[in-house]
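Q: Residue numbers (the working numbering), protein chains in the order written: chain A, -16 to 319; chain B, -16 to 319.
Derived from the structure by calculation, the hints contain no laboratory data.
Misleading hints may appear alongside valid ones.
Chain copies aren't distinguished; within one or between two, either way the pair holds.
Said to hold, decoys possible - Only pairs whose alpha carbons sit at most 20 Å apart, straight line, appear in this in silico EDC-like list of lysine to aspartate or glutamate:
{"id": "1", "residue 1": "LYS153", "residue 2": "ASP200"}
{"id": "2", "residue 1": "LYS285", "residue 2": "ASP212"}
{"id": "3", "residue 1": "LYS176", "residue 2": "ASP99"}
{"id": "4", "residue 1": "LYS153", "residue 2": "ASP301"}
{"id": "5", "residue 1": "LYS176", "residue 2": "GLU53"}
{"id": "6", "residue 1": "LYS186", "residue 2": "GLU272"}
{"id": "7", "residue 1": "LYS176", "residue 2": "ASP90"}
{"id": "8", "residue 1": "LYS241", "residue 2": "ASP212"}
{"id": "9", "residue 1": "LYS153", "residue 2": "ASP90"}
{"id": "10", "residue 1": "LYS186", "residue 2": "GLU5"}
{"id": "11", "residue 1": "LYS153", "residue 2": "GLU272"}
All of these numbers come straight from a predicted model, not from anything done at the bench.
Protein chains: 2
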Amino acid sequence: MSEFMSTQIQLASRPSGWPAHENFRTATVAYGDLRPGQVRVRNAFVSVDPYMRGRMNDVRSYVAPFALGETISGGAIGHVVESAADEVPVGAIVLHQHGWSDTVQDDASTFRVVPDVPGVPLSLRLHVLGMTGLTAYVGLTAIAGMREGDTVFISGAAGAVGTAAGQIAKLLGAERVIGSAGSPEKVALLTEKYGYDAAFNYKDGDVRAQLAEAAPDGIDVFFDNVGGDHLEAAIDAFNDGGRAALCGAIASYNTTEKTPGPDNMGNIITRGLTLQGFTLGSYLHLAPEFQEQMTAWFAAGKIAYDETVVDGIENTVDAFLDMMRGANTGKMLVRV
Amino acid sequence: MSEFMSTQIQLASRPSGWPAHENFRTATVAYGDLRPGQVRVRNAFVSVDPYMRGRMNDVRSYVAPFALGETISGGAIGHVVESAADEVPVGAIVLHQHGWSDTVQDDASTFRVVPDVPGVPLSLRLHVLGMTGLTAYVGLTAIAGMREGDTVFISGAAGAVGTAAGQIAKLLGAERVIGSAGSPEKVALLTEKYGYDAAFNYKDGDVRAQLAEAAPDGIDVFFDNVGGDHLEAAIDAFNDGGRAALCGAIASYNTTEKTPGPDNMGNIITRGLTLQGFTLGSYLHLAPEFQEQMTAWFAAGKIAYDETVVDGIENTVDAFLDMMRGANTGKMLVRV
């Protein structure tokens, strides 16, 4: 019998407002020998995502809250290092939702083997070729019903979902894509690398005024990662029949007080607007369609991406907090 | 040559906040002889509707603003008293959008002949069998996608649209229908006459608390005529995948300051909610389907209604203002 040690990050207490280190603890978990059907996986990359903040609260949602005292679950990718399951052999690359740990051991059915494609870095399965890309695709297509010729506004455009969404919008025929981000460097990247037609720094001034200037003919679709003043600005800028896919609201994730909603809700009626929120769990049936499209675009060299990588599982909480503060460009990842 | 005098109500100035008599003027319009293709119509009933308040403002909307100095347009029904158009003979009953006048004269194509059905009062074509009923039907079906077994909440439930919507919801298979209104008498009417399963007086206290009590298992569909605290309460009460048809927001039609939106917009994402606004103009293709259903329900004695009738075209502005204040039960009409 061999014991195997795993370092894992657990939720120690529920944050009120901004999370702090004291809300987490680093635990050493001892695994025994593999039981039949189990595999042991050494993670290569672990994902930190904005939606995880919501799961730290004990509120009703499509996605259940994290349990106190348990390891933070979420996307990760790694290699099988020991196997007692024929279908998932040693050396296989596997995606899973076991979350913030350097190593994990569980039934083979909780891991999904992904092919090792030359020229496709592993980490991309955690963002542009994975859930993040799917989130962008679902929001634009199934939720907002984007059509060729639409003008599309994307908030938090330099983040993992935003960089994917801008490119997908253009590839699906958007006439004009506008993005907001939080630094001049990010704004430059949006137009220079990601094909945005216009971009602005929301810290430079009133979002309504900046969006109105960037979209003189109004917007048809809004993909929202931010909420707050961004949603209000979009409701002002919408053309008749405009559609918003509400994906995230990072502006209010760490507030402790209730924040008032947009002051222009009347436009929803007079302009026949639709605001639809979504979480990915209800749209996983679109994953095959997305994979087919995205794989083709990627192979054709049409998909750019950025990664902000933090090394060491013990720095996962810092990576998460930095991501919440907008320190990342593109996808924030922990390399184990 | 004969001259014919018509009394008409025109928009004299745009109201800021609550409209007042000074914003309107009573004009006497002189019509000459009929030209070929024209008809002259003596109105029987003229409609006053909440959406008209929005048209008094000079703001962008699906429905164009009323022009200053022109007669307020809107639904009316009357009899042809003189005709120079073979297809619309004297005595025909016609529906039209010429609005607030005792008599009107125009091309026959601007009037729609409706059959004189025994047992169907003319006035019903202006509400439960007309645009008002269609509004309720479109909101529940095409906008909110109501399904059998849904729990439905309707704000402003004792008004013209609300009384129709509650009955249509039940006839389409809603499991439970909940309504809000502004007096104990209206609340009693909702459950005793209109088949609502529960109702509350929004003036009795916090709308959130009253809705939560009336809908212990949450709501699936919200048909909103009020906005403000009603919309906020619905967003709190929604089950996952809930859908709101935003039809009116009478709570804020007469405010001069911007009013903050719901403080719980985050629920839209976490519960996968959809808020969709609409105005009827985009959904007139559903009129035949509605007419077929509604006519059958009405003939079977399944549709109740109320009318609050004001006599005299010169009292139209009072009728409109009273309706905005909630003085009506069911449909507010002016009998000419």
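Q: So, for every hint listed, does it hold in this structure?
A: Results for each hint:
Proximity of LYS153 to ASP200 under the C-alpha cut-off of 20 Å is restricted to the intra-copy arrangement: shortest distance 18 Å within a copy versus 43 Å between copies. For the identical chains of this complex, LYS285 and ASP212 are neighbours neither inside a copy (32 Å) nor across copies (47 Å), given an alpha-carbon limit of 20 Å. For the homomeric pair LYS176 and ASP99, neither the shortest alpha-carbon distance inside one copy (27 Å) nor that between copies (67 Å) is at most 20 Å. Taking identical chains as interchangeable, the C-alpha atoms of LYS153 and ASP301 are never at most 20 Å apart, the minima being 34 Å within one chain and 54 Å between chains.
Taking identical chains as interchangeable, the C-alpha atoms of LYS176 and GLU53 are never at most 20 Å apart, the minima being 40 Å within one chain and 54 Å between chains. Taking CA atoms no more than 20 Å apart as the test, LYS186 paired with GLU272 passes in neither setting, with 37 Å inside one copy and 51 Å between copies. Proximity of LYS176 to ASP90 under the C-alpha cut-off of 20 Å is found in neither arrangement, the shortest distances being 41 Å within a copy and 59 Å between copies. Taking the shortest alpha-carbon separations for LYS241 and ASP212, both the intra-copy value of 14 Å and the inter-copy value of 14 Å come in at or below 20 Å.
When the C-alpha separation of LYS153 and ASP90 is checked against a cutoff of 20 Å, the pair qualifies neither within a copy, at 41 Å, nor between copies, at 48 Å. In this homomeric assembly, LYS186 and GLU5 never come within 20 Å of each other (Cα to Cα): the closest approach is 30 Å inside a single copy and 45 Å across copies. Taking identical chains as interchangeable, the C-alpha atoms of LYS153 and GLU272 lie at most 20 Å apart only when both belong to the same chain, with a minimum of 17 Å there against 39 Å between chains.
Going down the numbered hints, you'll see the structure goes against 2, 3, 4, 5, 6, 7, 9 and 10, while the others check out.
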